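*Asks:* Construct the entire structure; sequences and hints are all you get.
Quick note: the sequence shown uses my numbering, first residue 2, plus one each step.
The set of hints was computed from the structure by calculation and includes no laboratory data.
Check the hints yourself; a few may be wrong.
[Claimed, not checked] Pairwise CB distance ranges, derived in the manner of DEER restraints: (1) Gly978 with Ser555: 43 to 51 Å; (2) Pro1001 with Gly578: 51 to 59 Å; (3) Asp455 with Ser555: 17 to 25 Å; (4) Asn628 with Pro342: 20 to 28 Å.
[To be verified] Cut-off 25 Å, straight-line C-alpha distance, at most; resulting in silico cross-link-like pairs (BS3-like, lysine-lysine): (5) Lys209 with Lys179; (6) Lys794 with Lys857; (7) Lys144 with Lys42; (8) Lys888 with Lys796; (9) Lys78 with Lys37; (10) Lys78 with Lys126; (11) Lys104 with Lys22; (12) Lys288 with Lys14; (13) Lys78 with Lys48; (14) Lys302 with Lys104; (15) Lys908 with Lys764; (16) Lys144 with Lys418; (17) Lys179 with Lys235; (18) Lys857 with Lys840; (19) Lys98 with Lys42; (20) Lys892 with Lys908; (21) Lys113 with Lys48; (22) Lys37 with Lys48; (23) Lys126 with Lys113; (24) Lys794 with Lys888; (25) Lys377 with Lys407; (26) Lys794 with Lys840; (27) Lys208 with Lys78; (28) Lys98 with Lys143; (29) Lys200 with Lys172.
From a predicted model like this one, the values you see are computed outputs, not experimental measurements.
Backbone N, C-alpha and C fix where the C-beta goes; we use that ideal spot for every residue, glycine too.
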Amino acid sequence: LKKMATVEAEEVKLLRFDPFKSSFHPAFWNAVTNKKLEEWKLDETPKDVVGYYQNTTRSILPSYFSLDFNSLDPTFKVSGNSFVVHGLLYVLNTLEKYATVDKKELMTDIGKQIWNDIETKVWLKNPSLLNRFILIVHMDAKKYLYDFMIGFPALNVSDMFFTSEAEPFSKLDVDFMKAIQHVCLEAQRDLLPYFAILKQDNEYVLKKLNDPICETVTEDKIFLAFADPSASSKYAGWPLRNFLKAWKVFRPDFTYVRVICWRYTSFHSVDQPTNSLLLHISMQSDKDAIATFLPIVGWEKNSEGKVKNVHMDLSAQMDPNKIAQSASKLNLHLMRWRIVPELNLGLHWQTSCLLFGAGTLGCNIARCLGAWGFGKITFVDNGRVSYSNPARQSLYSIKDCIGGKKWKCEAAASALKDIYPDMEIAGVRLTVPMPGHFVDIDIEGKDAQPFAEDISRLEQLVSTHDIIFLLFDTREARWLPTLLSCLHNKIAITVALGFDSYLILRHGFGCGKKSAAGDLDVQSTLQSAESSTSASGTNLACYFCCDVTAPGNSTRDRTLDQQCTVTRPGVSMIASGLACELVTSLIQHPLQGQAPVEKPDSGANRSCLGVIPHQIRGYVNRFDQWNLTVERFSSCIACSEPVIDQYKRHGFRFVADVCNDPTLLEAITGLDRLKDDAKDMLVIELTKEKMIRPDEKLLENWKNQTKSSIKSVEDRLLLDEVGVEVNTGILYNTNLTAFSVQQQRVRLPIYKNRDVILYLIEKYQTLIIFGETGCGKSTQIPQYLLEAGWADKQKICVSEPRRVAAVTLATRVAEERASILGHEVGYVVRFDDFTQSDKTRVKFMTDGILVREIMKDPLLNQFSVVIVDEAHERNVNTDITLGLLRKIIAKRPELRLIISSATLDAKEFHNFFNINDSDDPSRNTSFILSVEGRTCPVDVFHLKRPIPDYVKASVITAINIHRTEPPGGDILIFLTGQDESRKLTGYDRLWVVPIYGALPFKEQIKVFDSSPSGTRKVTVATNIAEASITIPGVLSTAVL
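*Replies:* Below you can see the structure in the form of structure tokens.
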């Protein structure tokens, strides 16, 4: 052996090493991309990563160093014949930073760590510490483009190691070769990257490098060995470089060493030689060279010898489904680690959604849910794709219409699967039973079986999904899904469209019952949440809670325009987006379906994405949107306990009965009784001492709701300490018309002129509005001004010629604003001030009160707008008011004046209030606007001859109308004065109600009451009822 180690000088040359060649599995880059998006985000600190090499390389291949999908797990244990190398991964955020990174500094830092392990002899216990690597990466996650540089730090060994020609095992002495291979195979089983072979008693034995004998053994008794990844017949692999440096530092007395480059081959017999090498290496003994470890080298280089920057485009190599999955979630990951770190995307993937309807809303909502990363979507529909659908319904194409037309649910599911291949998507063809749509089956016969199976299948679909979307066009189609969602405690979302309006409503969770008492965490969360909310999530109204009639067949006798959902194209997209955002906010809340509605501006009980309203109502024609909250109705035809109980007991039989007779729902819930009593609930008269209730036999639910409302008003009445005198007031109950009030506002003729009015009031100081009777000018114009911000800093004054008009209009406006009379909207009449100085923004008053206001404040500084309603009714106060207002607007250019009437001479008012001394009409300060009114069919009948007593003739006429006309309509008689009005009394089930100016207010408001059952109301009025007030129920009018 001594002779083998002695090398002639002319045969010696500098030792060279075969460098690593990096090899990356595409799955590694996919794992890096996911980690970057989900965990690392903008963090550029180095991440621990592992790679490996093998000593089984064939002679035609380079020394591969590999990274795969497990490389990001530092605890990963590689498979057999592989040797772990630990490294650091730098993922840089910008390409500029990647191009300018200090590679030398990064390499030196790792080299220092290796040198420290050598000096402290830590490497002897864990020789793998000699091998490290560094990987610098920049990625374009959208396009799957990657740039990287990789290096394998190696210490300075310049001119330290020399060798003769390597000896392959096949040329060694056979007995020696067999003995060495036997020991190397033992090391291979233990996956030792570095080890020693010692000769003891003429045998070769395996020794680990931290064995004490390695500190004293002589050169001629030891072989150093390592797992060599190279297949070169001339050069040893890269891991030998740091090994020789470390050994020289450990044993500086060595001048030469024999090295086994162990290359494993799966052979059947140990007698067959591998392609391993034996190197005879001489070592330099210069102490300065041994102590020097700089410079650190090892960056992978290209063919030109420069640091190799690798640019890869992996988009074509990766699984398209995986690419689509990752790309679709890219925005969500960016959203989470840049803006909403608490966003739990896992909830989306675990949540299943059931869409009733695969039309315009169904397509748009499904695509938006996919963009949010929801994991399961099921369409329920029973229609086919028509040629008109692809233009508006985003999941269909003309191909779906050809060849018999595809079923919508199946075509939508197929198209969505193409977009989101990793999502679980299904289409179910099913007809949903609807109230009013007759079911021609024998409930107890065999033909009932298919119907029962459909109901069972429908219930199973609801019970196995988390969120239910109600997207059908008709009202009745939403009834059964609403019932089932309530029964199975599912989150239900209704989305409905008008021509230029939309509604998104989340149903109250469950049947209005809170979590079980045993669920202490949820109970505690609910209690703390409800303390700062306006409504509990379990007590919110469903789509049917504001209805007092059962749904019926709305598709019967429809014309072409009624058969289609006629809506502006963008409305469905707006509504769909808002519905998905509402759902996403809801499931991110800790209480999810039970999440309460927060109080305005409270900031409490929001999810990480913001507020969670009950209803979102939008109007595209004015780009306006409201968030409303309505509490659950205990007599609801869909979610109330009596209805749920009937379904539990009778199942599909109950559904069939409702389909054939929807009024059954009214009988079950008590709505039939409520409808008889509802008229008496519309107006409740209050006094300081007590409340007078017209009928004590109302449903208990309505009692509780009324008591709650009245309590607030009674609190309002106790205002003695602030010096406000209050005698009486009216509270309109809005529970029955929570939806219809807003619909009535939109249908008023003046609504079309809303934006015009607001524009003109900005441009002109005085606006004269000539509006026909019934156009809505008295109630709507103050609200338009309020909504436009005219009452933000000052108030709006509305002057009426009569006391009853001021009171009733203020009451109606407060009702439409869903506020308590006297808060935002109030009135002031003689001896009665129903306002609050710090809260009231719109103040109705008589013209006499306005004169008194001007006397107290000559410039009316507290008002931004003054409205003089019914200006044609000339009296002393009106004339004084108009004259004073003409002077006030001259001194206050910012004050706005609106003169409105149904019959005034608009031109005269225009000339009077126009402050323009020039002939230039562009400088006018006054403008006339005409508004059309609401016309009703009128038949006029004339007397054939004069009559001596027209009061008696009025009575006879009213009696004839009563006897000849069917029940249901009231009669209005105009007489000349109060004396004549008081003469008329009741006759033959006629209820006579007079109204005139001198009548006490409590008696005046009786004209708004409904007549008792079985009677007809006859209102006898002076000209007080000609304008400003609307008496409900009048179908016949007598003017004699």
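*Asks:* Hint numbers the structure violates, sorted upward?
*Replies:* none
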